[in-house]
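Student: For chain A, the structure is supplied; the task is to place chain B on it using the hints.
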Amino acid sequence: MTTSTLQPATAAAKISVRGVTKTFPLGNEVFTALDNVSLDVADNEFVTIVGPSGCGKSTMMNVLAGLETVSTGQALVDGIAVDGPGPERGVIFQQYALFPWLTVRKNVEFGLKTAKVPRAERRERAEHFINLVGLSQFADALPKMLSGGMKQRCAIARAYAVNPSILLMDEPFGALDALTRVKLQEQLLETWSQEKRTVVFITHDVDEAVYLANRVVVMAARPGRIHEVIDVDLPYPRTEDMRLSPEFTALRNRVWHAVYHQDGNH
Amino acid sequence: MTATAAAGTATPGKHQAPETATTLTATVSPQGARAEKKRRSKRSRTMLALNVFSVVAGIGIWWVLSVSGFRLPTPPQVLERAIQLTVDGTLFVDAGASLGRVLAGFALGTALAIPVGFLMGWYWVARGLMEPWIQFFRTIPPLAIIPLVIVLMGIGEQPKIFVIFLAAFLSSVISTYQGVVSVDRTLINAARVLGAKDPAIFARVVVPASTPFILVGMRVGLGAAWATVVAAELIAAQVGLGARMQAAQMYYDLPTIFVGLITIGIFGLLMDRILLFAEIKLTGWQERR
Chain A
1 MTTSTLQPAT
11 AAAKISVRGV
21 TKTFPLGNEV
31 FTALDNVSLD
41 VADNEFVTIV
51 GPSGCGKSTM
61 MNVLAGLETV
71 STGQALVDGI
81 AVDGPGPERG
91 VIFQQYALFP
101 WLTVRKNVEF
111 GLKTAKVPRA
121 ERRERAEHFI
131 NLVGLSQFAD
141 ALPKMLSGGM
151 KQRCAIARAY
161 AVNPSILLMD
171 EPFGALDALT
181 RVKLQEQLLE
191 TWSQEKRTVV
201 FITHDVDEAV
211 YLANRVVVMA
221 ARPGRIHEVI
231 DVDLPYPRTE
241 DMRLSPEFTA
251 LRNRVWHAVY
261 HQDGNH
Chain B
1 MTATAAAGTA
11 TPGKHQAPET
21 ATTLTATVSP
31 QGARAEKKRR
41 SKRSRTMLAL
51 NVFSVVAGIG
61 IWWVLSVSGF
71 RLPTPPQVLE
81 RAIQLTVDGT
91 LFVDAGASLG
101 RVLAGFALGT
111 ALAIPVGFLM
121 GWYWVARGLM
131 EPWIQFFRTI
141 PPLAIIPLVI
151 VLMGIGEQPK
161 IFVIFLAAFL
171 SSVISTYQGV
181 VSVDRTLINA
191 ARVLGAKDPA
201 IFARVVVPAS
211 TPFILVGMRV
221 GLGAAWATVV
231 AAELIAAQVG
241 LGARMQAAQM
251 YYDLPTIFVG
261 LITIGIFGLL
271 MDRILLFAEI
281 KLTGWQERR
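Just so you know, the protein sequences line up as chains A and B, in that order.
For the first sequence, counting from 1, position 206 maps to 206 in the numbering used here; every step adds exactly one.
For the second sequence, counting from 1, position 79 maps to 79 in the numbering used here; every step adds exactly one.
No lab work stands behind these hints: they were computed from the structure.
Treat the hints with care, since some could be wrong.
Claimed, not checked - Pairwise CB distance ranges (calculated):
1) A:Lys144 to B:Val55: 55 to 65 Å
2) A:Val30 to B:Gln135: 33 to 43 Å
3) A:His257 to B:Ser41: 54 to 64 Å
4) B:Val151 to A:Thr69: 52 to 62 Å
5) A:Glu29 to B:Glu131: 28 to 38 Å
Said to hold, decoys possible - BS3-like mimics (lysine-lysine), calculated; alpha carbons at most 30 Å apart, straight line:
6) B:Lys197 to A:Lys144
7) B:Lys38 to A:Lys144
8) A:Lys113 to B:Lys281
9) B:Lys37 to A:Lys144
10) A:Lys144 to B:Lys281
11) B:Lys197 to A:Lys196
12) B:Lys281 to A:Lys106
13) A:Lys14 to A:Lys196
14) A:Lys113 to B:Lys197
Claimed, not checked - Some chain A residues flagged as far from chain B (calculated, every beta-carbon gap over 10 Å):
15) Asp43
16) Gly73
17) Ala81
18) Thr114
19) Ala115
20) Pro118
21) Glu171
22) Tyr236
23) Asn253
24) His257
All C-beta atoms in this analysis are idealised placements derived from N, C-alpha and C, irrespective of residue type, glycine included.
Isolated chain A, as found in the complex:
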């Protein structure tokens, strides 16, 4: 029942992954991390990618980020093939990846400094996004003073500051406890509703995948491929009631099955 959704690449697609295969040498063998994967993501769409470990979801992210090259196929952003990282694609890492020697403010300003944005404007832009993620009280704190959730909020502000049109998030809440995780999901959607971007969000949490997304892409392992794409037809803003609703539960169950029963025995 593999529904390899090979949608026609529309001109409107913000991100277009076309027949991407990525192989790694693994000892004497070849490991296929991604096998002929195709996916289109529309502008300002929120797509989550969920799947078992080894399904290539992180490889997919690295390919889109330009941190890894493809073996065959193409990853297009705005119709242009991805060639290396670029500030139009912001990346949020699971391990936060904040520069520990810089304060929250300086971390958020990092990309702006790289882009040679004048000091005053840099300040202002950083301030805006620090406020947006609710860290204004901690603008001058070093990362070591922050909790995991705060660190990730800082990383989100840092990614937003360079004004990317795409946000790539690699299990950003994976290292957080369940309560903080839910809080950050709410906050991310809040931030996203104010500053719309195209988001590709990787997770291994089925609830998270359904709660955040317009569309959930379920991947399968060995070789890494798209197993099923499930539309989430719940409106934004998402609320707690929605999270507890039967519609949500039904979608969640569907995604759960797609993730955990990929061999077809339901």
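Tutor: Quick look at chain B alone, frame taken from chain A:
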């Protein structure tokens, strides 16, 4: 991989900070925090008292040993000699000569070690070319090349400074290199996706991230330099703490040897404290586990 054995005791981020990092999110009541602070300051007072006690007791034991038949000078004899050497200026001349050699050799050594370490860490070609030599010379104690440098450079200042330079260089270069290769890949990727190119990544990520390693290397290097200067002076020098002790040995002048040893210890300790202070100031951002 190639961490110096000596560096093993002083890995970055493991030394005691003067105050423990307090997490802002921790919900400690003001009273709780105060009690905690009080407890900690009490602990540190007790610690200081123990230190003082230990030093006093050590001198006491020395004194007892020296009057009970061991051929040691008594503490007052040593103090008297220290005053005498200070008043006639010999101590300043000797300490100044030793310190001058150490600082010259150490400055040259680290000034070369940091760029070489960065090159080795950043460019694999440079690593391939330099690593065999550095690994080889690292196994030779700097003192073992003294006979060679004396033959080649004579007995002036140059051979001594060269040996110290080598000692300082070898310990700093390896830790700088270690620092560069152990920079977290994710941080480099984070900088890349924020638009930074190689030169910016180097200056704004690699350099700050390897600072703790460099400072540890400098501390180890300074220790090695100081140990080396005294030994070098023991073999061939007219002035310097080592030379003074060597001369005193001929005249059975134990108090002078003691003054020399204590001075060496105090200077070594002071220099280490200065670098430790710099380390805390410059690398206070590190998360301490």
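Student: Which hints, by number, does the structure contradict?
Tutor: 1, 18 and 19
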